[in-house]
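*Asks:* If you want the building blocks of each chain, they are given just below.
Protein chains: 2
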Amino acid sequence: MKIVVDAMGGDYAPIEIVKGAIEAAREFEIDIIFVGDEKKVKAELAKYDAGKLPVSVVHAPEVIEMGEPPAVALRKKKGSSIMIGTKLVIEGFGDAFVSAGNTGAVMGSSLLGFGRVKGIHRPAIASVFPTIKGFTMILDIGANAECDPQNLQQFAVMGNIYSSKILGVDEPKVGLLNIGEEETKGNPLYVEAFKLIKQSNLNFIGNIEGRDITGDVADVIVCDGFVGNVVLKFGEGLARDLMSMIKEELKKNIFVKIGAALVFSQAKGLRKKTDYAEYGGAPLLGVNGVCIICHGTSQARAVKNAIRVAKECVEINVVECIKKSIGERLNGDD
Amino acid sequence: MKIVVDAMGGDYAPIEIVKGAIEAAREFEIDIIFVGDEKKVKAELAKYDAGKLPVSVVHAPEVIEMGEPPAVALRKKKGSSIMIGTKLVIEGFGDAFVSAGNTGAVMGSSLLGFGRVKGIHRPAIASVFPTIKGFTMILDIGANAECDPQNLQQFAVMGNIYSSKILGVDEPKVGLLNIGEEETKGNPLYVEAFKLIKQSNLNFIGNIEGRDITGDVADVIVCDGFVGNVVLKFGEGLARDLMSMIKEELKKNIFVKIGAALVFSQAKGLRKKTDYAEYGGAPLLGVNGVCIICHGTSQARAVKNAIRVAKECVEINVVECIKKSIGERLNGDD
Chain A
35 MKIVVDAMGG
45 DYAPIEIVKG
55 AIEAAREFEI
65 DIIFVGDEKK
75 VKAELAKYDA
85 GKLPVSVVHA
95 PEVIEMGEPP
105 AVALRKKKGS
115 SIMIGTKLVI
125 EGFGDAFVSA
135 GNTGAVMGSS
145 LLGFGRVKGI
155 HRPAIASVFP
165 TIKGFTMILD
175 IGANAECDPQ
185 NLQQFAVMGN
195 IYSSKILGVD
205 EPKVGLLNIG
215 EEETKGNPLY
225 VEAFKLIKQS
235 NLNFIGNIEG
245 RDITGDVADV
255 IVCDGFVGNV
265 VLKFGEGLAR
275 DLMSMIKEEL
285 KKNIFVKIGA
295 ALVFSQAKGL
305 RKKTDYAEYG
315 GAPLLGVNGV
325 CIICHGTSQA
335 RAVKNAIRVA
345 KECVEINVVE
355 CIKKSIGERL
365 NGDD
Chain B
35 MKIVVDAMGG
45 DYAPIEIVKG
55 AIEAAREFEI
65 DIIFVGDEKK
75 VKAELAKYDA
85 GKLPVSVVHA
95 PEVIEMGEPP
105 AVALRKKKGS
115 SIMIGTKLVI
125 EGFGDAFVSA
135 GNTGAVMGSS
145 LLGFGRVKGI
155 HRPAIASVFP
165 TIKGFTMILD
175 IGANAECDPQ
185 NLQQFAVMGN
195 IYSSKILGVD
205 EPKVGLLNIG
215 EEETKGNPLY
225 VEAFKLIKQS
235 NLNFIGNIEG
245 RDITGDVADV
255 IVCDGFVGNV
265 VLKFGEGLAR
275 DLMSMIKEEL
285 KKNIFVKIGA
295 ALVFSQAKGL
305 RKKTDYAEYG
315 GAPLLGVNGV
325 CIICHGTSQA
335 RAVKNAIRVA
345 KECVEINVVE
355 CIKKSIGERL
365 NGDD
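From first to last, the protein sequence lines are chains A and B.
Position one of the first sequence corresponds to residue 35 (this note's numbering), numbered consecutively onward.
Position one of the second sequence corresponds to residue 35 (this note's numbering), numbered consecutively onward.
Think of the hints as simulated: they come from the structure by calculation, not from any bench.
Hints are not guaranteed to be accurate.
Estimated spans, in silico, between C-beta atoms of each pair [said to hold, decoys possible]: (1) B:I49 / A:N237: 47 to 57 angstroms; (2) B:L146 / A:E362: 44 to 54 angstroms; (3) A:K73 / B:K167: 39 to 49 angstroms; (4) B:L146 / A:L146: 43 to 53 angstroms; (5) A:N237 / B:E217: 37 to 47 angstroms; (6) A:E217 / B:L146: 22 to 32 angstroms; (7) B:Q233 / A:P222: 21 to 31 angstroms; (8) A:G101 / B:G361: 21 to 31 angstroms; (9) B:F62 / A:P103: 51 to 61 angstroms; (10) B:E180 / A:K73: 49 to 59 angstroms; (11) B:D45 / A:K229: 28 to 38 angstroms.
Chain A regions said to be covered by chain B (calculated; three or more residues, Cβ under 8 angstroms) [what the hints assert, rightly or not]: (12) 165-176; (13) 242-249; (14) 255-268.
Derived PhoX-like pairs (lysine-lysine); straight-line CA-CA distance at most 20 angstroms [stated by the list, open to error]: (15) B:K357 / A:K281; (16) B:K199 / B:K357; (17) A:K219 / A:K232; (18) A:K152 / A:K358; (19) A:K86 / A:K110; (20) B:K267 / A:K219; (21) B:K267 / A:K167; (22) A:K358 / A:K199; (23) B:K112 / B:K86; (24) A:K207 / A:K229; (25) A:K281 / A:K232; (26) A:K152 / A:K167; (27) A:K81 / A:K199; (28) B:K111 / B:K86; (29) B:K357 / A:K267; (30) A:K167 / B:K281; (31) A:K281 / B:K281; (32) A:K36 / A:K86; (33) A:K267 / B:K73.
Note that beta-carbon positions come from the ideal geometry of N, C-alpha and C, so glycine has one too.
Given these sequences and hints, build the entire structure.
*Replies:* Shown next, in the form of structure tokens:
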């Protein structure tokens with residue numbers, strides 16, 4: 035299996051990207067095709083005993099920066115690592131594309147390049163999220179700032195597939211993120227989506243609320259991309275700020291400081307649990323190809339795990355699973 | 035000044051409500067009018083040396099339960115503590131209404147009873163939220179599951195007034211909660227709201243993202259009630275679950291347990307910082323009267339602080355401030 039990796043994407047490219055991908059090549063028995071500035075990538079590769087590994091480099095003369103407006107960038111930068119990486123997969127040189135680059139650009143490039151799965155109106159980005167007992171999955175986290183009820187229904191079906199096939203959850207509990215439990219709660223989008231998801235032959239547990247997200251109530255949490263993006267980023271910010279507030283308090287007393295050192299030295303399990311990097315990247319579901327989008331701050335471990343996720347998506351043929359499921363559960367039209 | 039308090043609202047009514055209101059009567063030099071089951075309220079009052087305090091009880095034969103559909107409850111239960119409490123303020127027997135009861139019913143009763151401030155299309159519930167350095171305010175947190183751009187603009191104006199007049203923030207930084215910083219980010223509702231808020235003569239800092247909520251970036255955070263409600267409840271759930279995860283980890287080792295005891299015994303400042311009860315209730319802004327909605331789980335301290343907030347809203351005449359500001363800043367029509 036060949037995984038195409040955008041060597042230029044993210045805040046720590048190419049150093050951490052190459053490092054993570056090398057680790058993946060060693061551990062997962064896969065080939066890695068790096069796409070990016072050949073000179074820079076090869077300089078990184080020189081740090082490792084990469085000669086023995088199945089890695090290659092395809093030169094891409096351009097880079098789409100993190101802050102660039104995606105639509106413009108995709109039009110102008112045909113030679114970008116994102117565009118060339120996607121193309122390599124489309125043309126059969128690779129099986130999946132992994133990038134920590136500009137999310138909008140990766141999404142746009144995949145959507146244009148791979149096309150949508152027949153029956154799917156809008157692809158969605160799905161992210162794994164830690165809960166009190168394990169993890170849940172939330173989608174969409176930002177591909178669609180505006181949705182219709184049918185989009186949300188399709189997100190539910192795609193989330194169900196991903197949760198069961200890739201995350202190994204048996205009969206995933208699917209919840210609709212809303213502002214109350216009753217069927218009539220929320221705005222018209224969510225009231226209508228509730229009805230559609232209910233008819234979709236899923237293990238639908240109904241509406242869940244914000245406080246249930248980390249409470250291990252649902253395995254798949256469905257929402258529009260605006261709400262999902264705010265929630266995801268808020269969670270990141272809150273966890274960051276809570277930890278920083280705790281540390282600040284701990285500094286105030288020497289005995290407490292000693293106690294804190296004891297506590298933090300042991301809290302590895304927790305750190306692992308709440309660490310984004312453990313879950314790898316977020317798949318773009320609903321396109322005719324495997325595309326894993328990593329967080330812009332991804333370092334080696336996150337990249338390695340994203341490549342693992344990509345490998346699993348190819349092995350399980352997640353695209354075919356979605357295609358089949360959308361037909362069975364929704365009588366999807368196009 | 036007379037504050038009307040719903041003695042029957044919330045999970046800990048009437049015990050904690052009465053306790054908190056008695057404390058408020060002692061500290062704030064205000065009269066308290068309890069509304070609720072006279073016998074039950076008087077039984078609670080008997081626990082305190084309340085004879086010397088300016089408290090009275092108005093009997094309300096009915097209670098709207100926390101889970102009841104608000105519209106139906108308000109129609110059927112004219113004798114509920116919420117309906118009678120609101121009426122007392124409308125008829126001039128009290129200056130403000132405080133309730134930890136069914137949020138939808140309190141809101142509906144206030145909206146119908148007080149009416150909207152001229153020029154305000156939709157009232158909003160504003161909640162104070164802890165940040166890394168202090169606090170911010172977010173509105174709407176659930177009064178409006180669906181909004182138009184003008185609603186969001188008006189929330190910005192009302193939030194600005196509340197932040198400066200009640201929370202004492204000098205020239206509050208107003209941010210629009212969105213999924214990216216650029217002016218063009220988000221869905222049409224937010225793109226349009228951005229333009230309107232920009233024209234509103236506020237200290238508008240533009241779009242902020244989920245990760246900025248607790249980051250002390252904005253003093254007033256504007257969003258629709260669907261997003262605000264999800265964020266608020268998610269924050270509560272995440273803080274609850276993170277603390278519980280931390281405690282679970284700490285149990286695993288005796289030395290860590292000792293360290294943890296040292297840490298937690300000193301972390302009062304943090305607890306105070308992140309404690310909802312410190313900030314009292316959430317004002318319903320945009321109605322012609324002062325109505326403070328408390329969390330359903332409010333205990334004595336939260337109730338006391340909500341009464342303090344009510345008192346301050348009356349002193350500052352927040353209704354008049356909003357009326358004036360909406361005229362000046364928006365050329366508000368009705």
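*Asks:* Against each hint, give a clear statement of whether it holds in the structure.
*Replies:* Checked hints:
Distance hint for B:I49 and A:N237: a CB-CB separation of about 40 angstroms, inconsistent with the stated range 47 to 57 angstroms. Taking 44 to 54 angstroms as the suggested C-beta distance range, the pair B:L146 and A:E362 conforms, at roughly 48 angstroms. Judged by the Cβ atoms, the range 39 to 49 angstroms given for A:K73 and B:K167 holds: they are separated by roughly 45 angstroms. Take B:L146 and A:L146: their Cβ atoms lie about 52 angstroms apart, and the range 43 to 53 angstroms holds.
Against the hinted window of 37 to 47 angstroms, the Cβ-Cβ separation of A:N237 and B:E217 comes to about 41 angstroms, which satisfies the hint. With their beta carbons about 25 angstroms apart, A:E217 and B:L146 fall inside the hinted range of 22 to 32 angstroms. Checked against the hint of 21 to 31 angstroms, the C-beta distance between B:Q233 and A:P222 comes to roughly 28 angstroms, which is consistent with it. At roughly 39 angstroms, the beta carbons of A:G101 and B:G361 sit outside the given window of 21 to 31 angstroms.
A beta carbon spacing of about 53 angstroms between B:F62 and A:P103 agrees with the range 51 to 61 angstroms that was offered as a hint. Distance hint check: the CB atoms of B:E180 and A:K73 are about 53 angstroms apart, consistent with the given range 49 to 59 angstroms. The given range of 28 to 38 angstroms is respected by B:D45 and A:K229, whose C-beta atoms sit roughly 31 angstroms from each other. Coverage of the stretch 165-176 of chain A by chain B holds in this model, with 3 residues showing a Cβ closer than 8 angstroms to a Cβ of that chain against a need of three.
Proximity of the stretch 242-249 of chain A to chain B, defined as three or more residues with a beta carbon under 8 angstroms from a beta carbon of that chain, is established by the 7 residues found. Against chain B, the stretch 255-268 of chain A contributes 10 residues with a C-beta closer than 8 angstroms to a partner C-beta. That satisfies the three-residue criterion, and the hint holds. The straight-line distance between the Cα atoms of B:K357 and A:K281 is roughly 44 angstroms, outside the 20 angstroms bound, and the hint therefore fails. Using a Cα cut-off of 20 angstroms, the hinted pair B:K199 and B:K357 holds, with the two alpha carbons roughly 14 angstroms apart.
Of the pairs offered as hints, the one joining A:K219 and A:K232 holds, with about 15 angstroms between alpha carbons and a cut-off of 20 angstroms not exceeded. Restraint check: the Cα-Cα separation between A:K152 and A:K358 comes to about 10 angstroms, which is no more than 20 angstroms; the hinted pair holds. The hinted pair formed by A:K86 and A:K110 fails the criterion: a straight-line CA distance of about 37 angstroms is larger than 20 angstroms. Of the supplied pair hints, the one linking B:K267 and A:K219 holds, its CA atoms being roughly 15 angstroms apart against a limit of 20 angstroms.
Of the pairs offered as hints, the one joining B:K267 and A:K167 holds, with about 19 angstroms between alpha carbons and a cut-off of 20 angstroms not exceeded. In summary, the hint linking A:K358 to A:K199 is supported, as the alpha carbons are separated by about 13 angstroms, within the 20 angstroms threshold. Between B:K112 and B:K86 the CA atoms are separated by roughly 32 angstroms; this puts the pair beyond 20 angstroms, and the hint is violated. For the suggested pair A:K207 and A:K229, the alpha carbons sit about 16 angstroms apart, so the restraint of at most 20 angstroms is met.
Pair hint A:K281 plus A:K232 does not hold up; C-alpha atoms about 45 angstroms apart against a cutoff of 20 angstroms. Taking the CA atoms of A:K152 and A:K167, the gap is near 36 angstroms; set against the 20 angstroms cutoff, the hint is violated. Distance hint between A:K81 and A:K199 is unfulfilled; the C-alpha atoms sit about 36 angstroms from each other, more than 20 angstroms. Proximity of B:K111 to B:K86 is assessed by CA-CA distance (about 33 angstroms); at most 20 angstroms being required, the pair is judged violated.
The hinted pair formed by B:K357 and A:K267 fails the criterion: a straight-line CA distance of about 35 angstroms is larger than 20 angstroms. For the hint linking A:K167 to B:K281, the alpha-carbon distance of about 13 angstroms falls within 20 angstroms, and the restraint holds. With a C-alpha separation of about 16 angstroms, the suggested pair A:K281 and B:K281 falls inside the 20 angstroms cut-off, and the hint holds. Distance restraint check for A:K36 and A:K86: the Cα-Cα separation of roughly 16 angstroms lies within the 20 angstroms cut-off, and the hinted pair is therefore satisfied.
The suggested pairing of A:K267 with B:K73 is violated, with an alpha-carbon distance near 49 angstroms, which exceeds 20 angstroms.
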